[in-house]
Each structure stands twice: as C-alpha cells, then as structure tokens.
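If you read the protein sequences in the order shown, they are chains A and B.
Residue 277 is where the first sequence starts when you use this note's numbering, and the numbers rise one by one after that.
Residue -1 is where the second sequence starts when you use this note's numbering, and the numbers rise one by one after that.
If you are wondering where the hints come from, they were derived from the structure by calculation, not from laboratory data.
Quick caveat, the model's predicted, so the values are computed rather than measured.
Don't take each hint at face value.
Straight-line Cα separation of at most 20 angstroms, SDA-like style, residue types lysine to any residue; simulated pairs [as the list claims (entries may be wrong)]: (1) K287/B with V247/B; (2) K571/A with N42/B; (3) K406/A with E388/A; (4) K579/A with Y354/B; (5) K112/B with T58/B; (6) K646/A with D609/A; (7) K579/A with A43/B; (8) K579/A with L414/B; (9) K579/A with R168/B; (10) K377/A with A419/A; (11) K602/A with M136/B; (12) K376/A with K423/A; (13) K341/B with R371/B; (14) K380/A with K426/A; (15) K387/A with K406/A; (16) K602/A with R132/B; (17) K78/B with R575/A; (18) K579/A with D415/B; (19) K569/A with R132/B; (20) K579/A with M136/B; (21) K411/A with A291/A.
The residues making up each chain are set out below.
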Amino acid sequence: MIGFIRRHPLSVLLALVLHVAIVSLVAIQWDDSVVIRMSSDGDQHSPQNIPVDMPKESQPMKTFTVNAGAVQAELQRLQDEEQARLEERQRLQAMTAQEKKRLKELQQRQKEEAAKADQARKQTEQERQKTAEAKKRAEEEKARADKARKEAVLAQKKQEEAKKQAELAEKKREEAKKQTELAEKKREEAKQQALLEEKKREEAKKQADLAEKKRLAEEQKKRELEKELARKAEEKKALEKATAEAKLKKEQEMAAAALQRQLEEEAAQRRAEQRRQQLASLKESYISAIMAKVKNNWRTPAKISPDAQCDLRITQTIEGNITSVKVLNCNADATPQFRVAAEQAVYRAEPLPKAPEKELFEKQITFQFKP
Amino acid sequence: MKTIHMTKNRLKRGLQAVVLSCLSFLAMPSMAELTIEINEGFDNALPIALVPFKLEGSSTIPQDISQIVANDLRRSGRFKPIPRNSMPQTPSDLPEIEYSSWRGMDIDNLVIGKITAEADGSYQIDMRLMDVLRKQQMIGKRWSHIPASSLRQVAHQISDLVYEALTGVRGAFNTQIAYVTLMKKGGKRLYTLEVADADGFNPQPILKSSQPIMSPSWSPDGKMIAYVSFESGRSTIIVQSLDGTYRTVIAKYKGINGAPAWSPDGKKLAMTLSKGGNADIYIMDVATKKLQQVTRNYAIETEAVWAPDGKSLFYNSDRRGNPQIFQLDLATNQEKRITFEGKYNANPEISPNGRYLAVVQGGNGFHIALLDRETGDFRVISDTYLDESPSFSPNGEMILYAMNRGGSGQLAVVTLDGHASQTLKVNRGEVREPAWGPFLTP
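Based on the provided sequences and hints, a complete structural model is requested.
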C-alpha cells in the first residue's frame, strides 16, 4: 500500500480529495425545506413564532370553543413530520456508517499501497509517508469532526423538535386566544358593519344630495353650456359674417386691384403704343430728314431724267458720318452719272442728321432716292 | 447766210447785189482772231478744280492745258472752275491730294495732271479726274509723243472726257466751227471763210473773197465743206476739202444756187435751186452730180436740212404766205407743216438726235426758237437780236448762231435751255454764217 502510494502519490492524493469532497457533499443540506435542522438551543435556527395580533394591553383570559378535529389533525400532521424526520435521521446515520466503513477500507487500501510504496522506494519515500500519515491523521480528525458535527446536528434537530412541540402547544393556546379575539373581532366587525351601513345610508343620502346637487349643477352647467354654445354660435356666426365680409372685402379689393392692374396694363400698353407711334413718327421724320439733306445736296451737271431713281444704302456712324454708300436697284432712267451724283449727294450731306432718339439710330439706312 | 428767209422780191434784189460783187479778197487782210465772251452760266454750275498741270523736263510749256480745259468747261455753262489763286494745294499725283481741303471748298471734282517734256521735243500728258467726295479716280489717261501744236487738241480731249464723265454726254470741245468774217477796209469788203477750234482758237481761212460767202455746211466726216460763193459773179455751190486739196463747183445753175446741206451719209447734198423759175429743194448725188427735185411748189422752198436718219428733209416754205417749217418724207414725198406758232419761222436746224428743231423766229425781232418735237414745246431761247443761222453742236447740247450787236455781226452760243450763252466776235469786223462741225472721231 505504501509502495503503491509512493509510486502514485498524485493519484492517491486525488482519490483522497475526491472522497473528502463526496463526504462533504453528503454532509451538507442543500435544501432548507428538506433538511431537518435539529438544535437544542434558541439560536438563529429556532422556529419562528406565529405572529399574533396581540392587544397592546393585557387582556383577561376568555373562554372559547376549540375545534378538536382540527387540533387532532394538526397533531397527526406534526407526528408525521416527526416520524419523517426520524426516518431521515436513521437513513443519514446508515449512510454515515457506510461511509465510515468505506473510508476505513479506503484507508486500509491506502495504507497497504503506502506500505508497498515504502517497500518499493524504501528510504526515499519516508518523508512522503510521514506526510501521508499526517494527512491521514488530518483526514481522520476531519472525519471525527464530521461525525461529531453530524451528531451535534442530530442532537440539535432533536432539541428543535422538542421546542417545536412546545411551540405547537403554545400555538394551540395562541389559537384559542386567537379564536376568542376573532369572535371579539367579529362583534366589533358587526358593530363596525352597523356603523358602516349607517355611514352608507348617510353616504347614500349624501350621494343623493350630491347627485341632486350634481344634477342641478349639470343642468346649470348644461344651461351655461348651451348659453356658451349659443354665445359661441353667435360668435361663430359673427365670425363667419365677419369672415364673409372680410372675404368679400378682400375679393372686392382683389377685384379692384385686378382692375387697377388691368387699367395700369392698358395704360402701359397705350403708353407703349403711343411711344411706338411716336418712335415710328420720329423715325419717319429722321429718314425724311436724311433724304431731304441728301436731296438738298443733289448737284450734278448731268441731265437727269425726272423718272430716274435708285435705292441708296447708307452705312453711317452714330455721329452721322458716312462709312459707305451703295447705289442699288436703279431703274432704266438712272444713268451712270445719276448713280455717281446720288452717291456724291450722300457724301455731300455728311454729317447726316442725327437720330432724335438713340434707339432710332440705324447704322444702315436704305431709301429710295429720286432727285 | 444759209437761209433765204426773204420774200421773193427781197430774194431777187439780194441776188442781184451779190452777183455784182467781185473776187478781190486776195488783197484784203488775212484771218481775224475770234474773241469769246462768256455771258452767263448755269446757276447750279458744278464747282470743279482744274489744278495747273505740273511741268517736268522743261521750264516752259507752250500751252496751259488745265486753263484750256477750265475755259472749255466754263463755256459749257455746266461747270464753274475755281480760280487758281483760291486752290488750297496744287497736287499732281494721287498721294498728294488732301481731299478734306478740297471738300472744305465745296469742290466735288478735281483734275490734276503732269506734262513731261520728252527728248524729241514732244510732250507726254498725264491727267486724272478725281471724285473728291468718294475719294476715287474717275478717269486716268496718258497721251504720249504729242507735238506742241497738238497740245490744245489734247486739252480739248481732256475737256471732252471730263464733260462726258460728269454729264454723261459726249463733249464737243474737240470739234471745229466754220464761219464767215467780213472785214471792211477802205470801202472794200473782205469775206473770209474760216475754220477754227470750237473755242475760236486756231482760225484757219479756207476761202477769202471780196464777194459774199454764205451757208457753209460740213460734210459728215468733217473733211469737206460745201458753201455758196459769189466769186464768179453769181451764186455757185462749191465743195472744198479742208486741207485745200480739193475744191469744185457742184452747182452753177441759172438763178439761185444756195443752201447746200450734206446728207447724213455724206453722199448727197440738198440745195436750193431756182433753175426751174421757182426756188425749190433739190437733192444732188455728190458722186454723179445727178439732181432730183423734191419740192414743186409755186412758193419758195429753201434752207433744207436732213433729218438725222436721212429719210426726210426739213425746209422753209412761204406757201402759207409767211415762212414756216415743213417736213418732206423722201420715201412718200409727203409734206407736213411743222411750225404753227408765230408768223415767221425760218432757217431750220435739226438736233443730232432729231428731237429738237431750232429755227429763226421773227416777229419781235429775230430770235432763235427751239421746238421740242416730243413735247411740242416751242420757245425762244436767245435774247439777242437779228439772230440767224442756228447750228447745233455735234453733241446736241448747244446752239451756235449769228446775231447782231451794235450794228456788227457776232456769233453766240446758247444752251438748249437758254441758261448759258457766250459771244464770239472779231475785232474790227463782223462774223456770221456759223456752222458747227461734226465730231472729229467716230
């Protein structure tokens, strides 16, 4: 065994830890509702008292009737629960014994393995053996402690059970007291109920008064509302009338504006037409002035047929200076001398009359020339 | 005198007097220089500048060409040449012309030129007619190898060119006129038939006689002149070349031989003959001398002229009691009266274009009247007295005629509208019987 432990110290240690863990898991109660705690002292694990609405002042004991069936059932239930707890404690004791046994076997196997390891490794594993033994002692100590703790737990559970019995009796007394108080409470409740009904009647009356008042108020409110609606209708009517009047006025204003615009447009058109006619007249005068000046400068020694005529195309600057003259479209009576003389007359008329308006200026003017 | 606008009695007395004269002209003084006076011109005559031609290669020039041209143009009445001293510059070539200066003087046209003396004594003449307004050259021409004696002729040609360019009508400055001068000295008379330039210069006598010379008539080619001479003691019609190489009597019939007129083709002569006892119009074929009588009337028909187309004759007849103009259609032999206004219309002359008929109109003196055959307008165009022998210039623009001023015969030129006139006269003598010659070139 020791030889085995020496050869496999890590495995042995791991196995030992695993066993300790399993034992610990078995020893720990994971569910309070299931685990029955046993304690003989009144520490934090003591059962809680059932709260009782106790009067502030000590009341004199009063007799009351106890339901024997219910008490019996309650006692039966408590016995069942006690029985269940006993069974559970026995089962745990069995499990603990089994575990102890298994631990002993395990320790025995470990010892054997350690002995084997000792034999195999002899001197080299001496110290490890000591450690293992110390560890074994510690484990044994722990096992003992666990055992003592479990025993203490069992003793505590027993103590708690006794306390619970006492508490149950106290509870029964308290229940009886509670029944008495309940009856008293019922009387009080009946009294309170009567008061309440009176109060309800008063309340109903009050409600009726209130309803009447409310009805009157609502009627008043309705009248006021109707009045308000009438007023609003009047206001709306007045507003609509004002709106209609405003709309009419606006339409009239728009119509007047449109008429004004139309009149202004017509006036503008008239002015434009007058301007156009004025310009046309001025332009006619302008061209006539040019033609007259050219005619006034007509001079030739040649005999010209009175029927001779040509078109003269004059190109001029804005100052009336001539840049070119072309004689075009002459009829059969226009001799070469006539053409030359016409051209000369234009040059002689330089500068040509200026345009009365800048926009009337024509850079190129063509007119029919007949001396 | 080309016309015989007298009554029968006056005609007979005149002829008798002429026959008694003799050919004593050789002893008389020679040709007389004509002096021209410009009387008036057109109101709207065109100002023109004839810039003195620049002389190159010589310090003197025999003829002042630009002045001759200026005088020609002034005589036409259509131009008003400006005095030389008012010219702003005297350019002779294009780049020298300052157009604005001329335009400022209201000058439309400018004639500039150069005369270059050549080594052989001849001259080269360059001329340009400039349009001041358009700044363009209208004419540019050069004459080379011109002898000094022909410089005047070149000047007249320049005048013709300028005139035609500006008026559209061919100029008649380079033409000649024929006329008869009468010089009286010591009780003797000398008649001279002369030919001169149209401006009166270069007079050349072609016949001198102590007896009257009448009715010179130019042949169409300008080389011959037919006229009436009394050198033989009676009227004869003679045809003479201007160069003096030819002279012949073509009509020396009994009675009157007068008023010769060349046909437009130069092959025939119309004339007045009284060999039949009455003065009538005859046509003679110049080559064959064959005569054809075209009028047969008891009245006097004389002073015939050919229509430009040669198909009819205009002449003077007093068959209505007073002289009036008639037209005879040579093809149909139909006569029609042409003039109706006035009691006396004689000495007809037809314009080259056939439109105008100039006559001597009597009544309030004798004046030149013009009938527009297109419009029927008939009006007096001369304001002189005792006018006779109208003769159209070959371009039909002017009429040369004889008139009397201060008891002395002179010549006058008037435009068809009567707006311009000039007088040609000789000192110490009279000039009459003018005839304007044809164009010297076709």
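Tested hints:
no.	hint	verdict
1	K287/B with V247/B	10 angstroms, holds
2	K571/A with N42/B	14 angstroms, holds
3	K406/A with E388/A	15 angstroms, holds
4	K579/A with Y354/B	16 angstroms, holds
5	K112/B with T58/B	13 angstroms, holds
6	K646/A with D609/A	11 angstroms, holds
7	K579/A with A43/B	12 angstroms, holds
8	K579/A with L414/B	12 angstroms, holds
9	K579/A with R168/B	12 angstroms, holds
10	K377/A with A419/A	12 angstroms, holds
11	K602/A with M136/B	17 angstroms, holds
12	K376/A with K423/A	9 angstroms, holds
13	K341/B with R371/B	19 angstroms, holds
14	K380/A with K426/A	18 angstroms, holds
15	K387/A with K406/A	12 angstroms, holds
16	K602/A with R132/B	11 angstroms, holds
17	K78/B with R575/A	12 angstroms, holds
18	K579/A with D415/B	11 angstroms, holds
19	K569/A with R132/B	17 angstroms, holds
20	K579/A with M136/B	19 angstroms, holds
21	K411/A with A291/A	13 angstroms, holds
Checked against the numbered hints given earlier, the structure satisfies every one of them.
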